[in-house]
Amino acid sequence: MALNQSGWRPSAPQQGEGVAATHTGNKALMLEEALIFEIGDEHTTGVDFAPGDVAGSRLGNLTRKSPIGLPGLSEPETVRHYTRLSRQNYAIDLGLFPLGSCTMKHNPRLNERMARLPGFADIHPLQPVDTVQGALGVINELAVWLIKLTGMHGVAMSPKAGAHGELCGILCIKAALEKRGEGHRKVVLVPESAHGTNPATAAFAGFTVEDIPATAEGRVDTEALEARLGPDVAAVMITNPNTCGLFERDLKRISDAVHAAGGYVYCDGANFNAIVGKVRPGDLGVDAMHINLHKTFSTPHGGGGPGSGPVVLSEALSPFGPLPFTERYADGHITLVEEESVDDRHPDSFGRMTAFHGQMGMFTRALTYILSHGADGLKQVAEDAVLNANYILRSLADTLDAPFAGSGPCMHEAIFSDAGLAAGFSTIDIAKALIDEGFHPMTMYFPLVVHGAMLVEPTETESKAGLDQFIGALRSVAERAKAGDASLKTAPHFAPRSRLDETLAARKPVLVWKEPAPVAEAAE
Amino acid sequence: MRYLPLTGHDRTDMLATIDAPHIDALFVDVPEEARLDGPIHGLPLHASEMAVERHMTRLARQNTVAGEVPFFLGAGAYRHHVPASVDHLIQRGEFLTAYTPYQPEIAQGTLQMLFEFQTQVARMLGTDVANASMYDGSTACWEAIGMARRITKRGKAILSGGLHPHYVSVAKTMAKYTGDQLETALPTLSADTDLDALIAAIDDDTSCVVVQYPDILGRIADLRPLADAAHAKKALLIAVVTEPVAMGAIVSPGEMDADIVVGEGQSIGVGLQFGGPYVGLFGCKDKYVRQMPGRLCGETKDADGRRGFVLTLSTREQHIRREKATSNICTNSGLCALAFSIHMTLLGEAGLRRLAGINHAAACRAADRLAKVPGVTLVNDSFFNEFTLDLGREARPIVRALADQGVLAGVSLGRLYPGADALANGLIVAVTETSSDDDVEALATALEAALA
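Chains as they are written, first to last, in my numbering: chain A, 1 to 524; chain B, 1 to 452.
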């Protein structure tokens, strides 16, 4: 039995009333840290090298003579610098990270250990294929899992992130249309609630993007979509579950209609974590779907990457997938299909998207996670993620406006709006106050179809006690916003920084550090 | 299930709270005929940490580890020693398990690191600014070509034969869809680069010239005449650096007036990892910053006047501009950028220059030794830590034969340029601080036997 079922509760924080500022600017464990350019110098190094002459003379008369301007630190100083910086970050290791439609789940450390096995970490992408059979085996085994979990026909493993995967899927569609002699289909339909990468990707590939409206219940307007289909429509890009947290229950009907009209269905699989093991997109008529390995299969996102975006493909699109890819023979030997063999083996491939084989380090981690959970565990993952999101939705529907609460159960995320807050208060005030409560805020102002959207995605990583604590915090903050508590407008109060001036940053961009003017000139 | 905190009791309680009779009641919107009623058939069930570790270790053992054999592969990915503290620090949970810094007040660690990274990269490449990273060098390269099109409003890019063939391949893929016209060429197995031909090819329709430095065969050429020729026609010079350690030994492309410099940052801090994740470097002149792809971190102040950092100029990006964005890129390579930046901080100017010196000296010794093998000719006049040998016969089978003997000899041009007979005898050999003289001797001996 848990000792404290309501979760940890901090005592009321002491403000700095009557307490002098510190000499250093530090506040005990909260340490200010200067830039490496301010604390390092060009003579210090934290790396020892063997002694010896390094005279070299074959640099084509381009030998460097002037300094580059790179500061160095000793090893202890380096460890302190980055450790101090790390402590200014929130992370899933510290608590809930409910960034709807993006988010992170727990990153198991077994994944990290496996990715660092020298047999995976210390092999070169251009080694002869006979010397990397185990690495190709990882790619192949993960590919088989992704195909079976999605009920699709093939998978392109090389895309480097979700948006790169979207591009891969859209290029497959373009190649398929051209092969059919229907390159004139120029329109891609994208729902208003889509991630920004969807229209950006379609536009990059030369398509014209047209919005599809959402219904009042937060789903794609199927009738409007069907009415727009025609000989100029190349594809529909649908996120499922969508960014309102809802399952697109008409997806099969939409797919059938799109196919009948000669188009293809691209599914943004960012939210596949909600349905893995529960339903296979291939059974809903999807032609291409990227999977963000960090989101569904627990690879770390490291402050904004690396990602990894394998794309599962239908039978119709598989022939067009990118190079390189693996092929396993009956005797177990795995080979790589690259430019060399493409004409014989994969003549319709649209080509290469990246220099090598994709995000191998992420494949190792994702496969480790998948094997840990197995088919039964992955199903449980989806169920727990959806249960947690519904628990948050129902627990807070009495406090916050939940525009789609009547649209059926939510999937992986719960959506709220800023309706009902006191005049002048908005989603950002709730978000910043949650920081003070020790939580990462939810996704703010996205999707655009909900005013002041707050998109909360807990994932399966959270315990019930953890959810209860978060619900309590969000309720408390929401009540304060409804009551017009002015202190919310200046939150966060306890973070390493108060609200940062983004307008200033954009107006006069300072993107690299520059030596300050000499003191004599700067004075007065 | 070790990663799932909910107990059966919790689940029952929570279902009661939300008034759902059972878990499948939450999946009612999934069409009934598509709902799966149990774990997907034919896939294994959950496994212990020990069992998974055993399975993965068995796969890992089927690979020849670079560090365990004489190893000379380069051609866009290089083996360098990475200090232990780099890997320790990037595994700090606050770095490893943070998401994109959308809430800057609680992401200053990542943001300050990115600001430092941008500055380090800009200084190394010799550009005014650099972004917070791209996926890798090859994708950074085609993004640069697209950026040049936006800036010059012209659609013809001239790619040097010395550009990595996979980078050319990626650019060709993308050009099919963007309508860019690419002029490409194969390299020649000689000491001469194609700089003069590139200069002659630039015309009033040219958006950019793309040149790798040092190039795919390891050759180093002065880019200043090319920059002048490009600028005379109002075209841009894009330089590609696949081995940033070289910047410690030679003048950077930015210092030679390149307009956009992109690179593969893998060789500093990241490791080989069978090709990814790597970290794309992207720098340019100040005046082009608003046409850059990717995230940018900028300095600002907080409400109390303290220095802080935020993601900025995001009106270029897809989450604001949607179909009008400069690129569809969202995720970058933050954790690899961190590894790069930590390693670079440990090295510092003094360390980078010493490391570069050691690499070049080792490569000079190796080139001299290998050129003494009967039948082998050194192609390059100039190189940094990578050069090309002409073996006098097809290199690819020799690379395979040497691999069977436990020597990873290098990258054959036959692998990179299948079907190009004039290049088939070429072998690219990379020599870094991790290659010992004994390793070089082992390669020389094995080559001698194979060519005898």
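None of these hints come from the bench; they were simulated from the model. One or more hints might be untrue.
[Claimed, not checked] Calculated lysine-lysine pairs in the DSBU-like style (CA-CA distance at most 35 Å, straight line):
no., chain 1, residue 1, chain 2, residue 2
1, B, Lys-176, A, Lys-514
2, A, Lys-27, A, Lys-508
3, B, Lys-156, A, Lys-508
4, B, Lys-287, A, Lys-65
5, B, Lys-285, B, Lys-176
6, A, Lys-186, B, Lys-176
7, B, Lys-153, A, Lys-514
8, B, Lys-156, A, Lys-489
9, A, Lys-179, B, Lys-324
10, A, Lys-148, A, Lys-65
11, B, Lys-372, A, Lys-508
12, A, Lys-186, B, Lys-156
13, A, Lys-179, B, Lys-285
Can you list which hints this structure breaks, lowest number first?
1, 8, 10, 11 and 13
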